[in-house]
Structures are given as C-alpha cells and as structure tokens.
Amino acid sequence: MRERMIAEYLTTRYGLPGWLAYGGVALVQCLILLGIMMFAAALFTWMERKVAGRIQDRLGPTRVGGRFGWLQSVADGIKLLAKEDLIPKEADAVLFRLAPYISFCAAFCVYLVLPFSNGWVAQHLNVGVFFIVAVAGLEVFGVILGGYSSGSKWSLYGAMREAAQVVSYEVPLGLCVVIPVMVAGTLDLVAIGNMQRGWGVNWLVFHNPFLFITFFIYALCTVASTNRAPFDLAEAESELVAGFLTEYSGFRWSVFFMAEYGSMYAMSGLGSILFLGGWHGPIPVAEMLGLTYANHAVLGWLGDLLGACNFLFKAFLGVASMMWLRWTLPRLRIDQVMTTCLKYCVPLAAAMFVGTMLWTYALPGGLLPRSTPMGAVAEAPPWTAPRAARGE
Amino acid sequence: MINWHTFFFMLFATITCAFAVAVVVSANVVRMAVCLIASLAAVTGLYFLAAADFVAAMQLMIYVGGTLVLLVFGVMLTARGPFVSMKITPANWLMAGLAGGALLILLLCAAVSVDAWKTAAVAESAAGREGGHTVARIGMALLGLRVDALEQPNPALRGGMAGYLLPFEIISVHLLVVLVGAAHLARARRTKKPIEPPSGTSRAA
Amino acid sequence: MPLLNQPVSLSHYLVVGAILFACGILCMATKRNAIGVLMGVELVLNGAAVNFVAFSAPFLRGDAELALGLDGHLMTLFVIVLAAAEAAVALAIALCYYNTHATIDVDEGDELRG
Amino acid sequence: MELARLVPLLLLFAWLLPLGSFAAIVFAGPRMGRGGHKAAYLATGAIGAALVLSLAALGAWLWHHPLAADSQAAAPLSGDWYTLAEFGKLRLAIGYYIDALTLGMFVMVTLISTCIHVYSIGYMHEELGEVTDPLVRGSDGGPLVRPGRFPRFFQYLSLFCFSMLGLCVAGNIAMVFVFWELVGICSYLLIGFYIERRSASTAANKAFIVNRVGDFGMIVGIMILLGGLGTFAFGDHLGAGGKVEPGIFSQVRPASAEHGLVVPDGLVRMAAADRLAAVYASMPSADAAEEEIARQIPQLRRAGYGYWLLILAGLGIFCGCVGKSAQFPLHVWLPDAMEGPTPVSALIHAATMVAAGVYLVGRFYPVFAPEVLLVIAVTGCITLFLAATIAIAATDIKRVLAYSTVSQLGYMMFSLGVGGWAAGLFHLFTHACFKALLFLCSGSVIHACHTNEMTEMGGLRKKMPWTAGTMLAGCLAISGAGIPLLIGLSGYHSKDAILAQAFSFARHAPAHGWLFYVAAAGAAITAFYMFRLWFMTFAGKPRVEHIYDHAHESPAVMIVPLVILAAFAIGAGWTLPVVNWGLPELLEQARPLGTAEGFPEARTIAGLVIPAEHYSHEPALHRIVSLAAFAAALVGFLIAVAFYGLRLLSAEAARRWFAPVHWLLVHKWFFDELYDAVFVKPALFLARQAAEIDRGVIDWAADGSARLCVLIARIDDWLDRWIVDRFVNGLARWTWRLGLALRPLQSGQLRQYVVMIAVSTVTIFILVSIYRNYALLP
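First to last, the sequence lines map onto chains A, B, C and D.
For the first sequence, the numbering used here assigns the number 20 to the initial residue and increments by one for each residue that follows.
For the second sequence, the numbering used here assigns the number 122 to the initial residue and increments by one for each residue that follows.
For the third sequence, the numbering used here assigns the number 29 to the initial residue and increments by one for each residue that follows.
For the fourth sequence, the numbering used here assigns the number 452 to the initial residue and increments by one for each residue that follows.
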C-alpha cells in the first residue's frame, strides 16, 4: 500500500509517467526483497558451515575474510560462477535450464506477501496465508523437473521421492496452517500478526494446548517440505549420489541452494507470524517506549522497525534450529518419512484441529489471561486501514 | 493513458493462451506438463483480476500445487524414457483440428454475441484492483449462509441464492471416496507376474 | 495502443475461456499419451472455470445486476476440487493401465471395441 | 465460569463418562488384555472420574449456596443441553434439572458404584478365563463350560450407571422415562447375567415384566401431565421469542399462589372439556370464547374440575415407582433378582434401580395431592411390614437382605407419604451406604463359602474378621443403633426422622395413626432379622465343616470398598458440628418450593392433613419418638440375641409353636402363587386357545389362499410363455441386430470419441440456433 502512495507522490509531484513511477517503485521493492534473500542465503551458507563444524567438533571456515571466515560465502559464490556450465548429453536441455529458476521464483514469490512488520509487506493480500502455502508448494516443480530432465536415474529417483514427500507433507502443513487461521478468523497475515500484540502470552502458540502442539507439528512439516535433513531424501548423497542435484553444477546449482535457504527462511517467517507473535516481541517494548503512530508518524515507523528486527530474529532462530536438527539427526528412510506424515502428522494435526475447534467453542479466549499492552494501544498505520475508512 | 487492469489482463491472457497452445503442439509429455503449469498459473492471475481472490489462491494451491504435481508424478511413473513421443497421422490432426476449430469458432461467436458483455460497467473498480474480499463470504456460503444476499437488490434473484452446505458435504465425502478408490486402483498387485519394465524406466515407487 | 486503453469486458474473458476450452479439446483429440489426454481435460475444465469467474464479476459487464456473484466463485471452487479428485482417479487408472499394458498409449486400450 | 454453566457441564461429563466406557467396551472389550481384564479398569476409571466430577460439582454448588441453618431453597438450575425435536409446543430435549438433591444423588450413585466396581474386579475374576457353571448342564451332560464374560459385566455396569445418572439429571419427564426404561433394561441384563441358568433368565424376565406393569401406570400419568400441561419439562425455560414457558412444577405450584398446590388451567380444561365446548359453540368468535373460558376457569376449579386428574396423574407416576422400587403389590421381582452376581444386587439395591423409584417420588413431590400421598404412605407401610416379616423366615442370606431392602424402601415411601420429604430421601442416602455394604459383605461371604444358605454357615467371624466387622457395622446401621438423643449410626438418624414425621402425622391425622405403630413394629423386626442374619453367619459354631474349612478372607480389592462403605454407613447421618453441614441440611436446601409448610386438608378425605416436616423436629416430640424407636430396635436385637446369639431360646421350638405363621412367611404370603393363579395361568390359557384358533382357522385360510395362488400361477405361466415371451424374444432379436449394425461405431479410439463429441456439440448448437431462429453471430 505504501508503494502506491510513493508512486502517486512521484506522479503528482514530479510528473513522472504512471508506468514509470509504478514500475520503478515495484522494481525497487523487488530489489530490496531480492537483496534480503540473497544476503540471507549467503549468511546461512556460512552459518551452516560454522554450525556443522561446531557440532562435529571442528572449526568450520576460518580463513577467508578474517577471523570467522565470514567471506566464505562470497568466495564460494565466485567459485560457482566461474565453474563450467555443464549440461549432460542425455538431458532435456530446456527443462534442465528452466528448473532452477522455477524453484527460485517460487521461493522468492513467497516474500511478496510476507509482512516483515506491521504493514511492511510488498503486496498486502487478504488471502496471504493461502498464497504462501500455495506458492511454497510450487518449489517442488523445479526439483522434479530438474531431476527428470537430467536424464540420470539418480536424479529421477530423487525427484520422485521429492514429489511424493512434498505432496504428502502439504496435507499436514496445510492443516497446521489452518488451525491458527481458524483462531484468528482471517487469512490476512498482517491482521494475524497484529492480533498477537502485547505481552508474550498473546502469541497464538500459547492460545491453547492444542495450538502449542500444532506449532511443533508445523515445525516438523516445515522441515520436511523444505527438504531439509532429516527429511532430505531427494538429495540423499549416501544413496543417490546427490539426488536431483547430481547433474547440476556451477551457477544453476547455487540457484537451487538459494531457493532452499530462501524457502527455509520464508517458512520460518510464516511460522513466527502464525504462532510466535510475528513482529511482536514477548515484551511490548515499542508500546512501553511510546513508539506508536498515535504519538507521531516517525515514532510509529521506529516501532515498526523494531518489529521488523523482531520478526527477522524469530525467523532466523527458526532457520538456526533447522540447522541444528540437520546436523544432529540421521536421515530417515523413505518409508519412515511417509509413515511420519501419514500415520502421525496428519491424524495428529486433524486431532489438534478438532481440539482447537472445541476449545474455541467451549472457551472463547485463550488459556492464559489476555494481557493488554502497556500504555496506549498501538494503532495500525494508516495504510493498513480499509480503503473506505481512508475516504477513497 | 494505459489501463493497467487491461494491461495485466492482456499479459496473463497472452501467457495463458500461448502456453495452452503450446500444450497442444508440444510432443514431449514433460514439456506439455510444464506448459500446462504455466498456463494454469497465469489463469490464477486472471482470477485475481476478476476479483476472485480466494478462488485464485485455491487454484494456485490445489491445481498448480497439487493436481499438476500429481500429473507430473504420473508422467514420470509411466514415461518410457525421457523423450518418447507418440505421433499421430496428419489425417488425425486434420480431423481434430477441424473439430476443435469449429468448436472454437462457435464459442467465440457466443462470447461476442451479447452487447452487455462487451461493455465493462466500471473502468477500474475498487474490487478489481484489490481482489475483492471474498474469503469470509465464501466460507459463510459453504456453511449455508449467504451474507451477500443482503447486497442483492433484486428480490427475485435473492430468492435463488441458496447456501452450499449440502454440496460442500457431498464433495467432502466424494473426495474421501475418491482418495480411497485411487489408492485401491493404484495399488501394486504383487500376486501377478510383474511386467518387465522397459529399459530406462523407473518404477521405484 | 488502443487495445490497452479500453477497459476489459466480460467478452475478453470469454475469449480466453474459449481458447482454453478449444485447446483442451484439441489436446484430448490429438494426444495418444493418457497423461496428455488428462492434461487436455484439465485445460477444458479451466476454460469453463474462467467463464464462471468472469460471469460472476459484476464490474466486467453492462448488466451488472445479472452477475453470478458468489455462485460463480463457488462453482469454480467445486470445479477445482473435483478436478483434483478426477486427476487422482484418472492417474490411478493410468497407472493401472500402464501396469497391465506396459504402455501409456490410449490407442492400445481398445479391447472393448465393437 | 458462573455456576449455571459450570455445574451442568461437570455433571454432563460425569454422566457421559460411563457411556463412553460402555461404548469402548462394547467395541473393544474382549481385546482389552487377557480375558478383557482391562475393561474393568476402564469402567472403574470412568465411574471414579464421574465421582470426582460430581464432587467438584457439589463443591461448586455449596460454595455458591452454603448450607445455613435457615437456608432457603436454592433455585434449581434447569435448561437443555440439546433439543432433539420440536413439534409445535411439544419439545423433546436432553435437559437437566439440577438442585442439591440431584447433586447428592450424583455423588451417592457414583460413590457407591465406584466401590462396587472396585469390589467387582475381585469378585468377578473367575469370569476372566473359562467358567465352569455347576448349576447348568452342558450338552455333554456335565457342568456347562463357557467362555468368561468379564468385559460384558463391566459393560453392563457402565450402562447401568449411565442410565441412573441420566435419570437423576433429567430435566423433563420424557427423558426420565427413557432412562427409567434403560435402568430396567440394565437390570434385566444384569439379573440375567448367568443366562444359562434357567432361574436367572426367569428372574430377569420377571423383573422386566413386573416393571412393565408399573410403567403402564407411569405412561398414563405422563400422558395426563402432557395433555394437561403441554410440556415435559420440570423447570421453566425460555421459549421462542424470549418468553418464559412454565414447566410442570411452576404450573402445578405457581408463584402467584405462593407455591401452593393449584390445579393447572390445562387440567381444568381437560376435565371440563364438554362444558368448554358448549361455551365455544355459544360464542360468536374464538377470541370471545377464550375470554369467556378464562373467566370461567376459576369457578370450574373451585367446583373441583381437574382435581381428580391431578390425583390420577400422581397415582400414575407413583405406579411406576411402585414397580421400580418394588413396593407392594409389585415387590415380587426384587427377591428373585438375587440370581444376578452379588455386586449387581448391591448396585440394584443401593444405588441404582430401586433408588430410582424413591428418587422420582421425591422429584415429583410438588405434583402430588394429599390423597396421593396417603396412598403412598399406606403402600409404603404395607410393604415395610410385609417384607420385614418375610425376611424373618428366609434362610438365603441374599434373600434376607433383599427383603430388608424392600422393607427399607417401604420406609422411604412411607416417609414421603406422611410428608417427610427430607427424611425419606435422607433414608435413601443412608440406606444406599449400608445396604451396599451389607450386600458386598454377603458377596464376600458367598465368595468364600460358595453357598447362599445361612444354615450352612456359622462361626465365620474367625475366618473373615474384616467381613464380619464391616457387616456388623452395616447391621447396626440398618437397625438404627445409637445412643438415643445424642448420636448414632447413619440409620439411627434417618429412621428417627422418619418415625418422628410419622408420629407427627399420626397426631395431625389421628384416623391414620396406625401407620406409625406398624412402622415402629417394623423397626423392631428389622433389628431382629438383621441380627439373626449376622449371628447365623458369623457367630456360633460352624454348621457344615467342609464349607468352614474352605472359607477364607477375601482379597484386599474386595475388602477396601467394604471398609470405605462401612465408614459411610457409620458416619453418613452425622451433621458436622460447627459448620452444621450434613445430609439433612443439604436436602432441606433442595426442598421443592411450597412444600415446607405441609399440605392443607385434603379435599376428598376429611381429616387428612399432611403436616409440615419442621413439626417433627420439636424436641418434645422427637424425644418420645427417639426413645420409642430405640426401644423397638433394642427389643428386636434382644430377641435375636436370645434366639441366635446366646441360644437361650430355641428357634426350632418357636417355629413349631407358630407353624401356620411360619408357613405363611416361608411362602412369602403366597404372592407368587396368587399372581400365578390370577395372571399367569389365565394368560397361558388364553395363549393356548389363541394358538388353537391360529392353527385351526387362520392356517386353513392361509393354505387355501396358497392353493388358489398356485392355480392362478399356472394360468399366468401359460400366458407368459406363449404371449409375453414371444413378444420379448422378438424385441430382443431386433435389438441384437441393431446392436450388430451399430457395433463398428465403438472403435475403442479415445481420440475419435473426443472428435465426435466436439462435432456433435457444434452440430447440436447449429441445429438449435436454426430451429430457434436465433442468430449466433452478433
């Protein structure tokens, strides 16, 4: 919404043609998001290596760029760009080239509707939750096509595992997403985030015991649907060489990886909005300090900035725990993966759904007393108000 | 002044139609699948433009995310090697083309036959730009309550606005039956002698 | 570009729907691969769904009071959901067919011809 | 949560838990561990949880309505959980009507049932494996060997508890009736648990059929109430449009009449239907007629219209209670019900089945007219005396207890009848405790001796000290032992209250004073036969050596419930000194509106005044009655000691002296023989005649019509063969040829079909557009 205000300002004040103003603003926004994603991917690659190293009692990268090897990712990136661009003879060249970009686009599209703070969202969509789940599910196409078009049986096995696994895990994932949505009564991510304002007890994860359990099912399904260990059957290097990635190298390979980290971060972000209060911390610091739009627009903006830091930190914690999981647990077998999904996650999520339903029916309001935020109640920024209220 | 609604409509419509045609002409079934995905994903954009936000999200989630993954899965399970194409004779092409063309002409004639359909009521409506907020109303309609009946000025039409609880239930049960049936149909029959898989085919799953 | 300056009307959507529908029919009529036929079916269903959505939008047409409204959306939803069901069953049938015929060519499955 | 939501919710769960256990055992019982032994844990857990929930509900209730000495009746909670159906004014609902009585019943039923469940785990353990039933002949001539039915037993127990709790919580008569019948079914199933024994299945049938007789009266009562009052519900509830629709109680005792007994308008209208019809015929419009009728109704009521209907309704309801609570003359089923396993007897006698009748009389108390109460009192009085006398002569340990139950139920009914509402229900609670105890003790004895006959026992005190001790506590409690005017066991308090009220009644209505003396005599007899039982079983020398040698104390799982119940049998009647909390106070709080001041003189029976209960609390009166009751019990006890304890007198000699009386008592006053001659034999005779008619006349007609049918069928056969078949065959041939001609069209080519469909669609469109003269092109 804010971008439209900026674009209108540009057209009226400077007389820019509409397509240029809108297009320019959209481009800038895309670039910001892309930057976040790229940076996150680079950061996480480095972090993953450090985490893996520490967990395995090693040091991890140490040399490139100073003490902690913090330039390792950049070095890796340069190396990957410089690699030869291989396409196997047996491969279906067009699809082989296309596949990484499909994955990347799907992972990136999620950020379009993911709010980073109160109203800080590229496209405020009122079916945001569904959109994210739907688009995140598209990422699997890239993997499947990549595996299929490689013309290698390892790749094909990997792709088929991926297809089976992701399609199965979308069912419990969808159920887990629907449960907080049911409590919130809206699919609008900004609204869901804002309703958890106040102290930490207002977070949906503490709303009732069923939602508490649901959060952990959601976390499990997230790990599985982003193909991370212990659910990384699609790449399973000990069995399938490198799964669907076997024939990929160089830049295309890195695009796949950026997509993976991007979607990890996005799913963690979605989880933090749906369960962990989004951009609201456990203590309403912004309200305590008076950083609200009711006081001043700049103060409100600062409060939102604080919220964005909060959100980024929570999503970061989610990714970190995924890494922790990856380097701690051994890989499952494919039948165990399917069993976990169909025999445990789906029934459990369904039971939690029924439980939450009954809970909200019997005890409207949460388990813990709802705390009221300190001081003045933070007003939503003006551009999140309904259009009619703004007098348009 | 460019009408942005029209611009995006044209964009999505072009993608949709182009990839639909590509589905028809491509011989490789995997490419067909990719084209189909692109086409249907573009249809999602058309839905958003027509103020059907929930339908669009569902199309993206169920169709593109679910159904087509299933199709691709099926392709991989049944393909004899990656590049098998099954050609048909030009005569068959001619027959099919004639029939399809006749149908297309008929539909196009029907599409432009009503004057009221050719004039848009509102150049760029609020609903069209924001993607109307239909989620809650659709949810209530599926529970049998038509809140949008309050907005219908014509009492004759209001009478016909029934809830959708029964169809919803029927479809739910239908889906369950379908899932059970599909699982049963696709179950590997271990008792019979397995057919020798052709080389280059994987039947792992 | 005069085409881009005028607002979109219902007929535009119907034309897209018609093209999708015709492509679907053509696909069904020209593919020998069972999965290909299935894709044709999906195209046909989507053509119909586009029409439903278009008919339900009141701002696309001169006679806005005749718009389908939510009914069109719900029909589209049902089409989508049933298409998913149809795909699952059809795929199961295709796999079954493949298991018994060792091919996916629908022309081979004419045991029940007259 | 506020009380009005919390308590119904707690009771709902307490009520449904046994149902859940029942359902689980039905579907998965035999698979619950070896022989299904885990079913017992499930059922016990369910009823135990129900006990906890009931206690929580009672606690919440008492928190909001503390028992003060002058506590006014707390408003009962009434409402519906779920409305099953509405037919105009008639509502069928799963509703509740909760007051202190309901809560007390819940706690009592779940407490007793929990003890019995735990006890049954030990008592029924034989059913875990294969059971050899020496009383039944198998197909090979030896004793029957059958698979154990352990889960089934607990399944029935759960259903029984569910039914009884449903009956207690029910908010309308329809629901009461449903659970009433469910209780009957459960008793049928449990009495006939050893279905192979002919005596057991007969006893089950007997219990069920005798209950049907009572239920017939109950249906009549319900129909009168429904027809007259137009509602099933006890309490008021919000109807359509937020209007308060009065329930049965507030119609019979409207607040406008200060909760006095008033014949409701509906019953007056019913009784005076012909006069009102005349009014309708004479008035020009329906509204005017209604106005006129409304004006006339008070006159008609004064003239006595509808009063008989009210009495009849009360009698009908009471009739059901007579059947269920085994009152004279329908008491015959209860002693036979001893054929069930002993825990079942305890459950039926203490907590569930027979308590239901007394509870219902207590619940419907506001609806009863004084005449009905007199009938109740007389019935109760006869029952208590009759049963007590029979118990003297019985030798089967369980039968003695059974007749003592009948007698005690008679006391309760008697008490309710003479106006002692709180006293009667108080006795219901205390009796539940000590009767459950007594039955479980007897079960323990039977478990040890494998016989029911007291003449084969004796001296068991040394072998079974716990059982003997707890049973002694039970005997003392039922006899009303205590220190007069000070304190006593639970039975002392409740029986005292009953006799005090009876005495007060005798003073107010001297014409019916004999009732008090019979009741007092009954108290003496009670003490006598109870101690006769105890002495014959536990004291003296063993009568049959091998039984004595094999006797042993029961396992802990059976003893613990005994001890718990013994504690309640001793202390259930006490009122806590400082806070003044006790069962009488709880019941006083639950007293139905308008009954505290007694009933005015009856309309049809002169001199019948039901006095208010508080008259019986006057110290002067109470002192006399207390001493009299204690004296009566002491006399009975001393006689028992003389005959069976110290053997100063010979029972054998006494039997010879009173041979005719003994003969009468041993044959139970010949009720079974009487019913056999009056009802069973004629019914069998009629059945035989009907069978003859069936065979001779109806079968003959049926055979004849069958022969006629065969003849017609032959003709049909010819027609079918030579006319219809030829036509059909011709048609089939043509169809075949057509099919052959069209066969090539089905090529099996999918694509061809698609093309055909497309072409056909286009063709049809074009044809239609030509036909409708409708241009497709714009």
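Possibly wrong hints are sitting among the right ones.
Dumping the calculated EDC-like pairs for lysine to aspartate or glutamate here, alpha-carbon to alpha-carbon at most 20 Å [said to hold, decoys possible]:
{"no.": "1", "chain 1": "D", "residue 1": "Lys-914", "chain 2": "D", "residue 2": "Glu-822"}
{"no.": "2", "chain 1": "D", "residue 1": "Lys-914", "chain 2": "D", "residue 2": "Glu-904"}
{"no.": "3", "chain 1": "B", "residue 1": "Lys-208", "chain 2": "C", "residue 2": "Asp-133"}
{"no.": "4", "chain 1": "D", "residue 1": "Lys-694", "chain 2": "D", "residue 2": "Asp-531"}
{"no.": "5", "chain 1": "A", "residue 1": "Lys-98", "chain 2": "A", "residue 2": "Glu-67"}
{"no.": "6", "chain 1": "B", "residue 1": "Lys-208", "chain 2": "C", "residue 2": "Asp-91"}
{"no.": "7", "chain 1": "B", "residue 1": "Lys-208", "chain 2": "C", "residue 2": "Asp-138"}
{"no.": "8", "chain 1": "D", "residue 1": "Lys-992", "chain 2": "D", "residue 2": "Glu-1004"}
{"no.": "9", "chain 1": "D", "residue 1": "Lys-1132", "chain 2": "D", "residue 2": "Glu-1143"}
{"no.": "10", "chain 1": "A", "residue 1": "Lys-172", "chain 2": "A", "residue 2": "Glu-67"}
{"no.": "11", "chain 1": "B", "residue 1": "Lys-208", "chain 2": "C", "residue 2": "Asp-135"}
{"no.": "12", "chain 1": "B", "residue 1": "Lys-239", "chain 2": "C", "residue 2": "Asp-91"}
{"no.": "13", "chain 1": "D", "residue 1": "Lys-992", "chain 2": "D", "residue 2": "Glu-1069"}
{"no.": "14", "chain 1": "B", "residue 1": "Lys-239", "chain 2": "C", "residue 2": "Glu-93"}
{"no.": "15", "chain 1": "D", "residue 1": "Lys-694", "chain 2": "D", "residue 2": "Glu-537"}
If you are wondering where the hints come from, they were derived from the structure by calculation, not from laboratory data.
Please read these numbers as outputs of a predicted model, since none were measured by experiment.
Taking the hints in turn, this is what the structure says about them:
1. Between the alpha carbons of D:Lys-914 and D:Glu-822 the distance comes to roughly 52 Å, so the proposed pair goes past 20 Å and is violated.
2. With a C-alpha separation of about 17 Å, the suggested pairing of D:Lys-914 with D:Glu-904 holds against the 20 Å cut-off.
3. Restraint check: the Cα-Cα separation between B:Lys-208 and C:Asp-133 comes to about 10 Å, which is no more than 20 Å; the hinted pair holds.
4. Distance restraint check for D:Lys-694 and D:Asp-531: the Cα-Cα separation of roughly 16 Å lies within the 20 Å cut-off, and the hinted pair is therefore satisfied.
5. A threshold of 20 Å between alpha carbons decides the hint, and for A:Lys-98 with A:Glu-67 the separation of about 18 Å falls inside it, so the pair holds.
6. A hinted pair counts as satisfied when its Cα atoms are at most 20 Å apart, and B:Lys-208 with C:Asp-91 does not qualify at roughly 47 Å.
7. Note on B:Lys-208 and C:Asp-138: the hinted pairing holds, with a Cα-Cα distance of about 18 Å set against a maximum of 20 Å.
8. Straight-line distance between C-alpha atoms of D:Lys-992 and D:Glu-1004 comes to about 18 Å, which keeps the hinted pair within the 20 Å bound.
9. Of the supplied pair hints, the one linking D:Lys-1132 and D:Glu-1143 holds, its CA atoms being roughly 17 Å apart against a limit of 20 Å.
10. Taking the CA atoms of A:Lys-172 and A:Glu-67, the gap is near 29 Å; set against the 20 Å cutoff, the hint is violated.
11. The straight-line distance between the Cα atoms of B:Lys-208 and C:Asp-135 is roughly 11 Å, inside the 20 Å bound, and the hint therefore holds.
12. Between B:Lys-239 and C:Asp-91, the direct Cα distance comes to roughly 10 Å. Compliance with the 20 Å bound is thereby established for this hinted pair.
13. Between D:Lys-992 and D:Glu-1069, the direct Cα distance comes to roughly 47 Å. Violation of the 20 Å bound is thereby established for this hinted pair.
14. A hinted pair counts as satisfied when its Cα atoms are at most 20 Å apart, and B:Lys-239 with C:Glu-93 qualifies at roughly 15 Å.
15. At roughly 16 Å between alpha-carbon atoms, D:Lys-694 and D:Glu-537 fall within 20 Å of each other, so this suggested pair holds.
The structure fails to meet hints 1, 6, 10, 13 from the earlier list, while all remaining hints are met.
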